[in-house]
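Trainee: Residue-level listing of the chains:
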Amino acid sequence: MDQPRVDEDRELVARAQAGEAAAFDELVVKYSPRLYGLVYNMTSNHEDTNDLLQDVFSKAYKAIRGFRGKSSFYTWIHSIAVNMTLNFLKKRGRRYQLSLDDVDAGVQNDKVFLEATATSSPVREADLSELQKRLNEAMMKLSDEHRAVVTMFHIQGMPHAEISKILRVSEGTVRSRLFYANRQLQNYLDEFRKNPVT
Amino acid sequence: MDEFDDKEITKLLRLKRYEQPPPGYFENFLHEFHRRQRDEFLRQPLWRICVDRAHDFMLQLSLARLTSYPAAVTAVLVCAAVVSLKLYQTPEPTNVAVQDRQILATPANPDGEWTLASPVATRVFSTRSLHNSNPSAQTHRTATTPRYVLDSVPVSYETTFKF
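Protein sequences, first through last, are from chains C and F. For what it's worth, the numbering used here labels the leading residue of the first sequence as 1, then goes sequentially. For what it's worth, the numbering used here labels the leading residue of the second sequence as 1001, then goes sequentially.
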């Protein structure tokens, strides 16, 4: 996934810090789809994602004057989103609702989608939507921290270094969490392949 | 039987990028954000709004750069300390001054003689009245009632020794 241009953000942030609401609106428009994906894949619930995302931007709006630019705005806003989501998940506990939306119709022509579905693999053999459902269930079985890392790395396409900055852990920790999470997901999906009815 | 490897997992997870919110969600998101901001603003107490406005005003003046908050707080504390010290160090008016204001108004030595005696002591223990301008009257104590001003607290409660 493309990283946003830092300079562009810096100018928008400076204008927002000077009290220009329109500049902050631009940041909201720019980052809401990306942050939606992050929060949604951590919560698996649209309503929760919507509320959290509103709270994230509200918090960012209040705190933007204190933003000193030590990290990029991209990292800063992602840190707020991840921390707020993790706190929310701790409060919510293990209760969750799988309200995953259908894969967007426009995706049928997407290169990545076609590539994924055209391979001769378990993906092809199994029903893709069922597999996706199982994958989501497997994701929800991961711990919140592991799910956060998987979301940022695999789904959002962030590099290890960026994830380590956002989570304020070492890159080694990020890699080890990823490794563990991949093994977990692999086990769940293998189980599904062996026992597709359950 | 094929097993899921990291590559397959990655491909499957990448598909999750295409899980989108309902159509029109992002168009309404900003409006919803503004609405929530307004609601939150209206729920704030008046004093907080005033503080925020004052803060914004200070920021516009760029005073924040000149004076940091700790410096401002320190300055206020120092001023408060100086004022309180001044207040505590101011001598309280004595009872003497209140009781014998007329005498205090006169010079300590009306004859113009230079003296090293404390003006206060001179004034307190002066037995002359201003109204008594007749020199002959000075020998007659009965003519004017002498005025002694004594401390309200005795010097000592100890019994005097008699030999």
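Simulated from the structure, these hints should not be mistaken for laboratory data. Check the hints yourself; a few may be wrong.
What the hints assert, rightly or not - Here are some chain F residues the structure puts well away from chain C; computed CB gaps all over 10 Å:
(1) Leu1013
(2) Leu1015
(3) Pro1021
(4) Pro1022
(5) Arg1043
(6) Cys1050
(7) Tyr1069
(8) Val1073
(9) Ala1075
(10) Ser1084
(11) Leu1085
Said to hold, decoys possible - If you want a taste of the chain C side facing chain F, the calculated C-beta under 10 Å gives, among others:
(12) Ala21
(13) Val28
(14) Ser32
(15) His46
(16) Gln54
(17) Leu131
(18) Met140
Note that beta-carbon positions come from the ideal geometry of N, C-alpha and C, so glycine has one too.
Trainee: With 10 Å as the threshold, tell me whether F/Pro1021 passes as away from chain C on beta-carbon distances.
Mentor: violated (6 Å)
Trainee: Can C/His46 be said to touch chain F, with a Cβ gap under 10 Å?
Mentor: holds (6 Å)
Trainee: Taking the closest pair, is the beta carbon of F/Ala1075 still more than 10 Å from chain C?
Mentor: Check passes; 23 Å lies beyond 10 Å.
Trainee: Could you check that no beta carbon of chain C comes within 10 Å of the beta carbon of F/Val1073?
Mentor: Given a closest Cβ separation of 18 Å, the condition holds.
Trainee: Report holds or violated for the interface hint on C/Gln54, using the least CB-CB distance to chain F and a cut-off of 10 Å.
Mentor: holds (6 Å)
Trainee: Going by Cβ atoms, does F/Leu1013 stay more than 10 Å from chain C at every point?
Mentor: violated (4 Å)
Trainee: At 10 Å, judged by beta carbons, does F/Cys1050 keep clear of chain C as stated?
Mentor: Fine: 17 Å to the nearest Cβ keeps F/Cys1050 off the interface.
Trainee: Given a cut of 10 Å on the nearest C-beta pair, is the interface hint for C/Val28 held or broken against chain F?
Mentor: holds (6 Å)
Trainee: Per the stated criterion, does the least C-beta distance between F/Arg1043 and chain C lie above 10 Å, as a non-interface residue requires?
Mentor: F/Arg1043 is indeed farther than 10 Å from all Cβ atoms of chain C, at 13 Å.
Trainee: Does F/Ser1084 really sit off the interface, with its C-beta more than 10 Å from all C-beta atoms of chain C?
Mentor: holds (34 Å)
Trainee: When the nearest CB of chain F is found for C/Met140, is that gap smaller than 10 Å?
Mentor: violated (12 Å)
Trainee: Minimum Cβ distance from C/Ala21 to chain F below 10 Å?
Mentor: Holds. Min distance 9 Å.
Violated hints for the displayed structure, listed by number in ascending order: 1, 2, 3, 4 and 18.
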